[in-house]
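Q: Sequences and hints are given; from them, build the entire structure.
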Amino acid sequence: MSRRESAVLAALLTTLSIVFLLSLAMGSTAIPLVRVVRALLHPGDESNPFAMVVASIRLPRSLTAMLAGAALGIAGLQMQTLFRNPLADPFALGISSGASLGVALVVLGSGYGPAVAFGTAMGLRGDLLITVAAIVGAALVLGLVLIVSSHLANPATVLILGLMFGYAVSAIVTVLVGASQPERLQQWAQWGFGSFSGVTWERFKLFGPLILSGIVIAATTTKQLNALLLGENYARSMGLAVRRARFLTMLGASILGAMVTAFCGPISFLGIAVPHLCRGFLGSSDHRVLVPAVVLMGAAVALVAQIVSLLPGGGTVLPLNAVTSLMGAPVVIAVLLRSRRGAFAG
Amino acid sequence: MMTSGGPALQTRDLAVGYRTRRSRRAVLERVNVAVRPGELVCLLGPNGIGKSTLLRTIAKMQPALWGTVELGGADLRSISHAELARRLGVVLTERVVVDALSVRQLVGLGRYPHSGWFGGLTDRDRRTVEWAIDAVGARHLADRDFSRLSDGERQRVMIARALAQEPVLLLLDEPTAFLDVPSRVELMGLLRQLTRDARLAVVASTHDLELALRTADTIWLVMPGGEIVTGAPEDVVLAGGIGQAFEGRQIRFHPEERSFRLLTGESGDAEVRGSGLRAALTAAVLEREGYNVVGSSNACLLSVHVQESGWHAMAEETESSGANFAQLAEFLRARRAVA
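First to last, the protein sequences are chains A and B.
If you use my numbering, the first sequence corresponds to residues -2 to 343, in order.
If you use my numbering, the second sequence corresponds to residues 115 to 453, in order.
Please keep in mind that the hints were generated in silico from the structure rather than gathered at the bench.
Among these hints, one or two may not hold up.
Calculated cross-link-like contacts (lysine to aspartate or glutamate; reagent style DMTMM-like; alpha-carbon spacing at most 20 Å) [unchecked claim]:
no., chain 1, residue 1, chain 2, residue 2
1, A, Lys220, B, Asp311
2, A, Lys220, B, Glu348
3, A, Lys220, B, Asp127
4, A, Lys220, B, Glu280
5, A, Lys220, A, Glu2
A: Right, dumping it as structure tokens:
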């Protein structure tokens, strides 16, 4: 690892720690940083009035943000390398649209009544029902895309296929939105804003291990991703079982994207931007440093987005999805313009 | 097998082509060729005749239709892709687009089939990478960003990456295609050197016929009918195969010079009197203007005498002289315009 790479990783780790503490300090009431640290060190401390808030509300929120950011970052990196396309992200195969279709069917459609009844019978209520609907929707679209794409040799065609599935599914969602009652639209819009606050400790017990294991599995594809840097033909000539690697990478990245979408709503930009930022800072396409950098950067950027969404104060919260996009787009443009040629430019 | 002097590669009644659901379409059939370690083979043939298909089949990037490919005596079908990558290095025509990757890192990717789970490199891997960089003469490029290299430098680095796989056979699909003339000659020289120094077997397809005939140990010439003629370059030339494969209405292959000439029409015979380079260049001007240059004879309509002071042309109806070849060409064109 070069000196520059070590420096970047160290800087990312430091930044992440600082933003992590800041994110715990911010919320409906601001908590002094000293108290935050004390609350973390002594979670059961009765004399600290903020210990309960930090431990039970803000900690799961921040941990969720970090895991979601890291997951979207690493999934985005996988997709960009796999498709050799700077615009690919974890949702490139249309799973984001699939998830919103699932949610739309439950929240907006005539399926609302039966779905709620079914959910109640299964012990699912409210948010968890929406999560399950999102996972089912994403899984259906992903399954379709993977089945069709197994007949395609060209990765670019697979990308277009995902895009087309996404459009088609979004169109169905639009029809549902157009035909739905106004009071249900509110709940639908709420989901579309995206949020890290919906994951309580209860739900984190499911979300945390799922995402964490997903990230660990994704990290083991480092070597394959490096081989794919030169394109699928060269990767094959160097001994990579390309078809299998492609299938597993698409599956893994999409599941990460789908899980995050299901629990936190659609969160755009992170998956595209974080890998670009890391390549820009590191000046390297070597996945052995990119993968850890993307995990740290993704976690940090998600926390920053979380903090920014709370900036208006007084209980007003900006839609997370809007924050990530507004914050990120200029940053990516700056990175691309600063390097002589953008990543992947030839 | 390998060390006992057997071929690095041998095909037996190989047919290559494409299969659709219903049928198999062979591009080349009954291919029986072999390469020994330390041998440089150039694969020649007209465009679209199936050279790339043959190379891709040998590299196991597409299945053979019929027949077998043997690598070091073992059937290609029994060799896994991972194992194959340790025996066979490939340089493809496709342009590699990758940003922010140093030459050393890129060559290091060639260690893929030898490295462990995370692709970490051992000291031995690093030594092999440095050896490969030296072998292609890219020491001065090692820390440069690959995307900022010239086409010729890139091609060298891609070969170094293939060498880092430590193959016994190196396949290259038109490695000289995007290079300028000096880089082409250098690249073929490099391939030749690798066969000598590293006892590597090298097969390179190319359109650079004249260069191939001068550099290769063996030529595989794909004829328009799909038959493959093999042999030393001079034997292939003597047998007349080159002319058969490439000659068209506009070009003729000259075996003595091992090069092609453009035919621009027949303006009649012409003779050149003079000697050395000036005479040769005068003949070149005449040929370009459509004359058939013949040995000294009286039957010629046109005779050009050339010496240090300039040229003097004599035809039955006119004569002229000048100092440089541009004037000669102008005179010849004016004469044809009159005729």
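Q: It remains to establish, for every hint, whether it holds in the given structure.
A: Hint-by-hint comparison with the structure:
For the hint linking Lys220(A) to Asp311(B), the alpha-carbon distance of about 31 Å lies beyond 20 Å, and the restraint is violated. Taking the CA atoms of Lys220(A) and Glu348(B), the gap is near 46 Å; set against the 20 Å cutoff, the hint is violated. The hinted pair formed by Lys220(A) and Asp127(B) fails the criterion: a straight-line CA distance of about 38 Å is larger than 20 Å. About 19 Å separates the Cα atoms of Lys220(A) and Glu280(B), which keeps this hinted pair within 20 Å; it holds.
For the proposed pair Lys220(A) and Glu2(A), the alpha carbon gap of about 18 Å is at most 20 Å, so the pair holds.
Checked against the numbered hints given earlier, the structure breaks hints 1, 2, 3 and satisfies all the rest.
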